[in-house]
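Line by line, the protein sequences are chains A and B.
Heads up: the first sequence runs through residues 1 to 366, numbered per full-length UniProt numbering.
Heads up: the second sequence runs through residues 1 to 400, numbered per full-length UniProt numbering.
The set of hints was computed from the structure by calculation and includes no laboratory data.
Treat the hints with caution; some may be incorrect.
Claimed, not checked - With a straight-line cut-off of 25 Å between C-alpha atoms, the simulated SDA-like cross-links for lysine to any residue are: (1) B:K194 x B:N184; (2) B:K342 x B:I392; (3) B:K400 x B:A268; (4) B:K380 x A:E168; (5) B:K380 x A:H178; (6) B:K146 x A:L158; (7) B:K334 x B:I392; (8) B:K287 x A:I169; (9) B:K236 x B:L247; (10) B:K287 x A:N179; (11) B:K374 x A:P174.
Since the structure is predicted, the reported quantities are computational estimates derived from the model, not experimental observations.
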Amino acid sequence: MKHSDSISSIQFASIVTGTMVGISLLGLPRFVVQEVGNAAPIASLFGILCSLVGVVVVTMLGKKFPKQTIISYNKIVLGKFLGNFFNIILIVFFLLLMGLETRQFAEVMVGALLPSTPIQVSIFLIIFLCSVISFQNVSSFAFIHFFYLPLSIIPLFLVLIPSFRDIEIYHLLPIFGHNVSINDFLNGSLRIGQAISNFLVIAMIIPYMKNPNKSVKSGVWGFLLGGLIVFSLITITLGVFGEVTILEMFWPALVLGRMVQVPGEVLARIDAILIISWIFAVFTSLLSYFFFSVRGIAEMLNTEKHRVIKIIGFLAVFCIALIPQNIYEMYDYILKITTVGVLLIIPYPLLILMIAKLRKKKGDTI
Amino acid sequence: MKKLFIIIFFCISSLFLTGCWDRYELEERANILGLAVDIAEEEEGNSVPNVTHEEGGYPGNDKDTLYKVTAQLAIPGKIKLGPEKGGEESQKTAWVLESYGYTMKDAMANLQQQLAEKIYYGHLQIIVVNKKIVEEDITDINDFLKREYEVRRTAWMVVSEEAASNIIQAAPPLETVPSLYLSNTLDNSVRLGKLPREFFGKFWVDLSDIGVDAVLPIVKNIDNDRIMVSGLAYFKGDKMVGRTNPLQIGQYLAVKGQNPGGYSVAIATEDGANYMVESYERNSKFKVKVTNGKPSAFINVEINGMIEEETQSNNLSEEKLYEIEQKLCELSDKVFNEFKEKLQQNQSDIYAIGARIRAQYPKYWNDEVKTDEKWSEIYKDMDIQIKVDFKIKGSGMEWK
């Protein structure tokens with residue numbers, strides 16, 4: 001494959017973080033606490049470590065096939081028919097995920113920011129924004145991620161750090177929760193995996209790196225930064241609210257932002273900043289999903305007509321986003337879809353890696 | 001032709017601009033600054049319009065409480081920006097309205113029906129609730145406020161023993177926005193160490209937590225132009241069960257270890273001298289234990305103070321200081337434990353001892369206690385000891 005793109009290691013890491021830190025952050029503490037109660041920090045740590053295996057495997061695959069994306073090496077490793085079958089699953093997964101996450105974004109907008117704005121408009125605009133960006137060139141995609149990353153994570157810490165003084169230790173103890181069975185615990189970790197399964201998008205990017213051999217290291221670093229954000233968000237939210245109050249609300253992290261008082265009272269309300277930075281995070285995540293889907297389809301069909309695919313993808317995502325009838329149903333769908341996502345980030349890449357070893361398949365070296 | 005096409009394209013694309021749906025100019029909004037919730041008198045009940053329900057009362061309502069909500073609205077044009085000219089009466093910048101309803105939302109919907117502007121809760125500073133309601137059940141009022149995204153979680157909820165509408169009408173002569181002054185009174189009380197940080201968000205957390213009971217400040221109207229924090233209302237579950245005096249707020253803060261300190265306490269020594277000691281730092285350590293299936297708690301409170309005043313004597317010295325410290329320790333040991341016993345009698349666990357036991361002895365909690373009700377029973381008879389260690393660190397500018 002010929003290309004002139006070259007992505008540096010830092011850009012690569014920021015793509016991992018920028019994709020992970022996304023829409024689900026506002027509601028994530030709730031879903032983890034629902035399963036494991038007080039054990040949420042430990043469960044999320046476990047979930048993050050398990051997903052780390054996924055990152056290492058995906059980047060190792062990238063190292064093995066330094067010139068191919070996941071779409072191509074699927075075909076090489078599994079054969080053309082089976083490979084294409086899994087490619088379709090991957091693409092459909094990302095399209096569905098994008099649709100539902102867009103809907104989640106729009107629900108927050110309607111529920112907490114713009115109640116009179118029709119939900120279709122919020123959905124339309126954010127997808128529209130994603131589709132006007134050119135995917136012809138991978139480095140512009142990387143630049144966007146690199147540019148927005150600080151804008152989306154620095155305000156997050158601005159909210160989290162002043163919240164420290166409201167943490168009650170008795171909200172965090174006992175660290176293994178009350179009567180949490182192994183099953184509950186794994187479910188809680190699974191929720192984390194579901195929220196961050198989207199890092200798989202890097203499998204499309206590794207061949208465009210300056211040096212694909214560095215992908216493992218920078219992928220892990222990017223993942224750890226994203227993991228740190230997820231972990232501290234869950235721990236602090238739990239520490240402030242406690243397991244009972246968290247279950248009363250949809251978006252604990254948003255409420256946390258509404259409760260924070262910045263020392264010196266420079267700003268009366270900090271939640272506006274949180275929302276703005278969260279919109280950046282939403283945008284970068286959705287952009288990653290769309291990037292994966294559009295470029296994936298283009299590569300499968302062996303075409304460069306991204307624009308046509310984008311229009312079709314745009315319509316598909318828009319329709320998917322409008323499927324759920326209400327917010328409860330939406331979260332139902334999201335939990336179901338992302339469970340598949342967890343299969344795609346850990347067991348599936350491992351399988352490919354093993355089959356590749358067994359069949360002694362290898363990509364071209366540089 | 002191409003130019004025309006571009007112009008048309010831009011015209012059409014402007015249709016996609018958003019933000020306009022939620023546009024409400026400042027003067028189109030009825031900014032609610034303060035709310036007061038009372039229980040309506042019998043004869044007033046006739047004035048409930050059927051805005052949210054049909055004739056014949058609220059559906060599914062068996063308790064038939066009718067709320068009277070008094071709202072303080074800011075009149076946008078009247079609030080002057082920039083320095084105050086003085087002389088203007090603050091009552092004129094705010095508009096006080098009354099509305100009746102069977103629930104909070106019902107009352108607010110009735111209010112909206114009477115107003116030209118859209119009600120906006122984003123600047124809501126304070127909600128005063130009548131003691132009668134708080135003694136019944138506070139959850140019904142809370143739900144609407146939690147659900148409404150405009151309400152700030154840093155606003156205050158306070159309890160009044162007189163009519164709540166009296167409090168909201170307290171209008172200081174020099175302030176342009178009366179409610180702002182009321183909430184500033186509370187905010188600054190926190191800074192002065194006179195009030196716990198129990199604004200909405202914190203209050204709701206304490207209210208729903210297991211093994212913790214909530215507190216709310218009680219306020220009193222003074223001369224119709226200011227308010228005084230006259231104590232804390234403490235809860236058992238969703239109901240208020242008792243109140244404290246102002247100095248006991250200091251005790252609560254000391255046991256919670258919240259800083260900075262703020263309350264002064266008067267103490268007399270053997271030779272008849274009187275001293276006023278102000279606390280400036282408070283620390284506390286909780287030790288909870290479960291032995292043989294019986295929980296117990298030991299709270300060690302450390303207070304650092306300063307001598308602020310000496311009357312009827314003028315011979316302060318190092319020895320004297322130790323004597324005062326000794327007296328203070330004895331006094332506070334006594335009053336802290338008395339107050340604690342009163343809390344136990346009322347089954348109000350505002351020091352979060354239950355939550356601490358639940359956190360440290362989950363097995364005991366899940367086997368023996370399980371629910372909040374059971375915990376109240378155990379809490380009532382459990383052994384709690386408070387030991388206060390008072391230290392005086394300074395005596396101001398005077399040696400003697």
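Consistency of the hints with the structure:
For the suggested pair K194 of chain B and N184 of chain B, the alpha carbons sit about 13 Å apart, so the restraint of at most 25 Å is met. Between K342 of chain B and I392 of chain B the alpha-carbon distance is near 28 Å, which puts this suggested pair outside the 25 Å criterion. A threshold of 25 Å between alpha carbons decides the hint, and for K400 of chain B with A268 of chain B the separation of about 16 Å falls inside it, so the pair holds. In summary, the hint linking K380 of chain B to E168 of chain A is supported, as the alpha carbons are separated by about 23 Å, within the 25 Å threshold.
Taking the CA atoms of K380 of chain B and H178 of chain A, the gap is about 24 Å. The hint holds against a cut of 25 Å. For the hint linking K146 of chain B to L158 of chain A, the alpha-carbon distance of about 24 Å falls within 25 Å, and the restraint holds. The suggested pairing of K334 of chain B with I392 of chain B holds, with an alpha-carbon distance near 19 Å, which does not exceed 25 Å. Using a Cα cut-off of 25 Å, the hinted pair K287 of chain B and I169 of chain A holds, with the two alpha carbons roughly 13 Å apart.
For the given pair, K236 of chain B sits about 21 Å from L247 of chain B by alpha-carbon distance, which is consistent with the 25 Å threshold. This hinted pair checks out: K287 of chain B and N179 of chain A have alpha carbons roughly 24 Å apart, not beyond 25 Å. With a CA separation close to 20 Å, the supplied pair K374 of chain B and P174 of chain A stays within the 25 Å bound.
The structure fails hint 2 only (numbered hints given earlier).
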